[in-house]
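> Next come the chains, spelled out residue by residue.
There are 2 protein chains.
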Amino acid sequence: MAKEDLRLLDFWVSPFCMRVKIALAEKGLAFDSQEEDLLGGKSELLLKSNPIYQKVPVLLDSGKPIVESSNIVYYIDEKFANTKNTLLPSCAYGRSRARFWADFIDKKIYEAGMAIWRSKGEELEIAKKDFIDILKKLEGALGDKDYFGGDNFGYVDVIAISMTSWFHAYEKFGRFKVEKECPKFDAWTKRCLKRESVAGVFPDPKKVYEFVVMLRKMHAVE
Amino acid sequence: MAKEDLRLLDFWVSPFCMRVKIALAEKGLAFDSQEEDLLGGKSELLLKSNPIYQKVPVLLDSGKPIVESSNIVYYIDEKFANTKNTLLPSCAYGRSRARFWADFIDKKIYEAGMAIWRSKGEELEIAKKDFIDILKKLEGALGDKDYFGGDNFGYVDVIAISMTSWFHAYEKFGRFKVEKECPKFDAWTKRCLKRESVAGVFPDPKKVYEFVVMLRKMHAVE
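First to last, the protein sequences are chains A and B.
Here the first sequence is numbered in the UniProt record's numbering, starting from 1 and rising by one per residue.
Here the second sequence is numbered in the UniProt record's numbering, starting from 1 and rising by one per residue.
It should be emphasised that the hints constitute simulated quantities derived from the structure, not laboratory data.
Honestly, I wouldn't trust all of these hints.
The list treats identical chains as one, so a pair stands whether inside a single copy or across any two.
Here are the computed lysine-lysine pairs in the BS3-like style, where the Cα-Cα straight-line distance is at most 25 angstroms [stated by the list, open to error]:
1) K145 x K120
2) K55 x K190
3) K129 x K55
4) K42 x K207
5) K190 x K84
6) K145 x K172
7) K55 x K217
8) K48 x K129
9) K64 x K129
10) K42 x K217
11) K145 x K207
12) K55 x K107
13) K137 x K55
14) K137 x K206
15) K64 x K207
16) K145 x K48
17) K137 x K107
Just so you know, these numbers come straight off a predicted model, no measurement behind them.
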């Protein structure tokens, strides 16, 4: 592992923190993780490092904060360009496509998933349909390729795969199966999960489910 | 002007299209503009080039579509790196800060402005306060620098200055003055407007105001 002064303000179940950990693993970069107590109280360092959003993840590179997960992954790939594995495409057009899909995922997936676990009855049916529509668009972008960028695991894969760590919970609350609705997307998920960088940071789906059950209680959905 | 095959699917009053035009002017790149009839009906080319959002701007570079305005400006800077004026900082950390603030502007300004022209009474007062709070955060990022990136007009300036083309309308509907609320931000606006790349694409503020009056009527605010 390369010697760098990298510190991650982290939260075990956050798919956004997972992205950063996957990118660091892909790059072979060691880092210190500081687990935040998001329900109890955020650290002073978090509030100071991300005054605008006050959210994890924050990556501190020799003390300098980088915030917003897609942005952090982009930074890691650019800053540590000499390490193994390049995440972003080499041409400007390929990078513009990668940024587009990362932004699409950022705008859509988490909110659509939240709409599933926060709703019941007819509202849940609409939320489920919306969620599957979004996945089908992503599946369209994947096409028949192994990964979003082509033959190699790259930027969009890092951004998207982390979100699937909550899919088991969405499937349980929404009573649907991604495998059935979007078989190519599901095959891609399984392909990514074979990578050490991904499997190594994925929490147990049952623990994620229990966490979402707690969130539902906090939001009085039960 | 350099010879490139660049075509912009455009709309005269869109601050997002303005960004692309400013970036192309900064780079000294000639392009063809195709004005879209957004109220009457979008062109087949627009629907085909941006199937996900079906929105302007779209930049076609030798026929290949690039979409989402911040992404297009980023692409222009990377693709035409050999032309005059570099918009993005040269270091990975500087670029991560530029992406962060561009994203902040994208997430906040247009919606906060829309909340002003779409509301009345107490709701309008809340919208105005939110809008000014956002501008103050941006003003904080600007600090005492001439431009967001430092001494030179750059990426975040392109992203932000285009949004100010609607500020006259927001000020009229909200009955406030940016000059009074955020004097440093206002001074930055005036500084940017001295640039040919910016002044050349800015529509007449009165015409923007009339356009917003029409939008208000369409949304039955009057």
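> Take the hints in turn and mark each one as holding or not.
Consistency of the hints with the structure:
For the homomeric pair K145 and K120, neither the shortest alpha-carbon distance inside one copy (36 angstroms) nor that between copies (51 angstroms) is at most 25 angstroms. With identical chains, the CA atoms of K55 and K190 are never at most 25 angstroms apart, being 29 angstroms at best within one copy and 34 angstroms at best between copies. Taking identical chains as interchangeable, the C-alpha atoms of K129 and K55 lie at most 25 angstroms apart only when they sit on different chains, with a minimum of 23 angstroms there against 29 angstroms within one chain. With identical chains, the CA atoms of K42 and K207 are at most 25 angstroms apart within one copy only, with a shortest distance of 22 angstroms there and 47 angstroms across copies.
Taking the closest pair of Cα atoms, K190 and K84 come within 25 angstroms of each other only inside a single copy of the chain (23 angstroms); across copies the shortest separation is 46 angstroms, beyond that limit. For a Cα distance limit of 25 angstroms, the shortest separation of K145 from K172 qualifies neither inside one copy, at 28 angstroms, nor across copies, at 52 angstroms. For the homomeric pair K55 and K217, the shortest alpha-carbon distance inside one copy (22 angstroms) is at most 25 angstroms, but the shortest distance between copies (39 angstroms) is not. In the homo-oligomer, the alpha carbons of K48 and K129 lie at most 25 angstroms apart only across protomers (24 angstroms), although the nearest pairing inside one protomer, at 39 angstroms, exceeds that limit.
Within a single copy, K64 and K129 get their C-alpha atoms no closer than 41 angstroms, and across copies no closer than 31 angstroms, so neither meets the 25 angstroms cut-off. With identical chains, the CA atoms of K42 and K217 are at most 25 angstroms apart within one copy only, with a shortest distance of 21 angstroms there and 45 angstroms across copies. For a Cα distance limit of 25 angstroms, the shortest separation of K145 from K207 qualifies neither inside one copy, at 31 angstroms, nor across copies, at 48 angstroms. In the homo-oligomer, the alpha carbons of K55 and K107 lie at most 25 angstroms apart both inside one protomer (16 angstroms) and across protomers (16 angstroms), since each shortest distance falls under that limit.
In this assembly of identical chains, K137 and K55 lie within 25 angstroms of each other by CA distance solely across copies; the values are 17 angstroms between and 28 angstroms within a copy. When the C-alpha separation of K137 and K206 is checked against a cutoff of 25 angstroms, the pair qualifies neither within a copy, at 27 angstroms, nor between copies, at 40 angstroms. For the identical chains of this complex, K64 and K207 are neighbours neither inside a copy (32 angstroms) nor across copies (44 angstroms), given an alpha-carbon limit of 25 angstroms. In this assembly of identical chains, the alpha carbons of K145 and K48 lie at most 25 angstroms apart only when taken from different copies (21 angstroms versus 42 angstroms within one copy).
In this assembly of identical chains, K137 and K107 lie within 25 angstroms of each other by CA distance both inside one copy and across copies; the values are 13 angstroms within and 22 angstroms between.
Figure legend: structure checked against the earlier numbered hints; hints not met, in rising order: 1, 2, 6, 9, 11, 14, 15.
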